[in-house]
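**Student:** Based on the provided sequences and hints, a complete structural model is requested.
Number of protein chains: 2
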Amino acid sequence: MNTPERLIESTRELLWERGYVGTSPKAILERADAGQGSMYHHFKGKPDLALAAIRRTAEEMRATAEGVLDGPGTPYERVEAYLRRERDVLRGCPIGRLTMDPDVIASDELRAPVEETLDWIRGRIAGIVEEGKEQGQFSASLDGAEIAAAVVATVQGGYVLARASGSPAAFDAGVRGLLSLLASRPA
Amino acid sequence: MNTPERLIESTRELLWERGYVGTSPKAILERADAGQGSMYHHFKGKPDLALAAIRRTAEEMRATAEGVLDGPGTPYERVEAYLRRERDVLRGCPIGRLTMDPDVIASDELRAPVEETLDWIRGRIAGIVEEGKEQGQFSASLDGAEIAAAVVATVQGGYVLARASGSPAAFDAGVRGLLSLLASRPA
DNA sequence: GTCTATAAGCGGATAGAC
DNA sequence: GTCTATCCGCTTATAGAC
Chain P
1 MNTPERLIES TRELLWERGY VGTSPKAILE RADAGQGSMY HHFKGKPDLA LAAIRRTAEE
61 MRATAEGVLD GPGTPYERVE AYLRRERDVL RGCPIGRLTM DPDVIASDEL RAPVEETLDW
121 IRGRIAGIVE EGKEQGQFSA SLDGAEIAAA VVATVQGGYV LARASGSPAA FDAGVRGLLS
181 LLASRPA
Chain F
1 MNTPERLIES TRELLWERGY VGTSPKAILE RADAGQGSMY HHFKGKPDLA LAAIRRTAEE
61 MRATAEGVLD GPGTPYERVE AYLRRERDVL RGCPIGRLTM DPDVIASDEL RAPVEETLDW
121 IRGRIAGIVE EGKEQGQFSA SLDGAEIAAA VVATVQGGYV LARASGSPAA FDAGVRGLLS
181 LLASRPA
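Heads up: the protein sequence lines correspond to chains P and F, in order. Numbering follows the UniProt record's numbering, with no gaps: position 2 of the first sequence is 2. Numbering follows the UniProt record's numbering, with no gaps: position 140 of the second sequence is 140.
Mixed in with the good hints, there may be bad ones.
[Stated by the list, open to error] Heads up, simulated EDC-like pairs for lysine to aspartate or glutamate below, C-alpha to C-alpha not over 20 Å straight-line:
(1) 26/P / 103/F
(2) 26/F / 103/P
(3) 46/P / 13/P
Worth flagging that the hints you see were computed from the coordinates, not collected in a lab. Quick caveat: nothing in here was measured; it's all calculated off a predicted structure.
**Tutor:** This is the structure we're talking about:
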C-alpha cells in the first residue's frame with residue numbers, strides 16, 4: 001500500500017475509534033508509519049485528509065447497505081436483513097458517530113458525505129416499504145419515509161445504547177422490538 | 001452562583017456542545033469566568049469535574065423523563081408523550097452523545113451515569129408497555145423490554161439523523177414512523 | 001479560595017534540505 | 001516524495017504567593 005493510501009486508511013480507523021476532534025495528525029502518522037512531510041505533501045491538512053477518509057467510508061457503507069437491501073426476499077425480509085446484518089456493534093457506526101463531532105457538523109464539506117449517506121439509505125428503505133405496501137405486506141396507512149427514518153434511527157440509536165452498556169444486547173433488543181412491530185399486521 | 005457551581009454548569013454546557021475530548025479546562029474556565037487555581041482547588045482535574053457535570057445532567061434527564069412518563073393517559077399516550085416531548089433536537093442528547101466519546105467509554109466511572117440513565121429509561125418504558133399489554137392496548141406478542149429499546153433507540157438515532165441533515169425533520173419522521181407502528185393493532 | 005508563574009508535551013502546520 | 005527543523009499556541013496540570 002502506498003503512502004497516501006496508508007494515510008487514508010489510518011485516518012479512517014482513527015475517525016471511527018476517536019472521532020475527528022479526538023484524532024491528531026501525529027496519531028495518524030504513527031499508525032500509517034509516515035512522516036510529517038508525506039502527509040502535508042499529499043494532503044492540505046487534517047480537514048483535507050479527513051474528507052478523503054470520510055468519503056471513502058461513506059462510499060463503503062453505502063455499498064454494504066445496497067448489498068443487503070438489494071438482496072432477495074420480500075420487502076419485510078430485506079428490511080430485516082438490513083437490521084440484522086452483521087455489525088461490530090460496540091465500535092459504533094463510522095458515519096453516524098461523526099454527527100456528534102462538533103467540527104464535522106460545523107463544516108459543510110465534512111458533513112456532506114455523512115448527510116448524503118444517511119439520506120440515501122433512508123430513501124432506499126422508504127422505497128422498499130412502499131413496495132411492501134403495494135404488495136399488501138405493510139399496511140397502507142404507513143408512510144415509507146417515516147418507517148425508513150424509524151428503521152435507520154433504531155440502528156443508530158442501538159449503537160448508542162450498546163456502547164452505553166458495554167454490550168451489544170441493547171442493540172439487538174431494539175432491532176427485535178422494531179421488527180416485532182413491523183411484522184404485526186394491522187387489523 | 002458560586003464558583004464550583006459555575007464550573008459545573010459551564011462544563012455541562014461544553015460537554016453537550018463539544019463532548020469530553022473536545023472540551024478543555026481552559027474553555028471551561030473562560031465560560032465560568034474562573035481562574036485556574038479555583039478549578040484545581042474545587043476539583044481534582046478535568047475527569048473529576050466532568051464526572052460532577054455528567055452526574056448532574058444524568059439526574060436532570062431522568063427527572064425530565066419521569067415527569068413525562070409518569071403523566072396521565074393510557075400507556076400508548078405516555079410513550080407518545082415521551083417521544084414527542086419538546087427537545088432541542090439539533091443539539092443532540094447530552095447523555096447519549098457521551099457514548100461516542102472514546103475517553104468516556106474508556107472510563108467506567110464516567111460511563112456509569114450514562115449507562116444508568118439510559119437503562120433506567122428503558123426499564124421505565126418497558127414497564128409501561130407491559131401495562132399496555134395487560135390492558136389489551138398493545139399486542140401480547142410484544143416484548144416490553146424490546147419495545148422500550150426500540151423507543152429509546154429511535155430517539156437517540158433521531159438525533160443522529162437530524163444532526164446529519166441539519167434539520168429536526170428526520171427526528172420527527174422517525175418518531176411518527178415508530179408511533180404509527182405502535183398504534184396499529186395487530187390482527 | 002483565588003491568583004500568577006512555570007512546565008513538559010501535544011496540535012496543527014510551514015520551510016527548506018535531501 | 002520524504003525527512004528534519006522550527007514554530008506558536010493550547011492542554012493539563014503543579015507550585016507557591018496572596
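**Student:** Each hint needs a verdict: does it hold in this structure or not?
**Tutor:** Hints versus structure:
1. 26/P / 103/F: Judged against 20 Å, a Cα distance of about 18 Å means the pair holds.
2. 26/F / 103/P: With a Cα-Cα distance of about 18 Å, the restraint between residue 26/F and residue 103/P holds, given a limit of 20 Å.
3. 46/P / 13/P: 14 Å, holds
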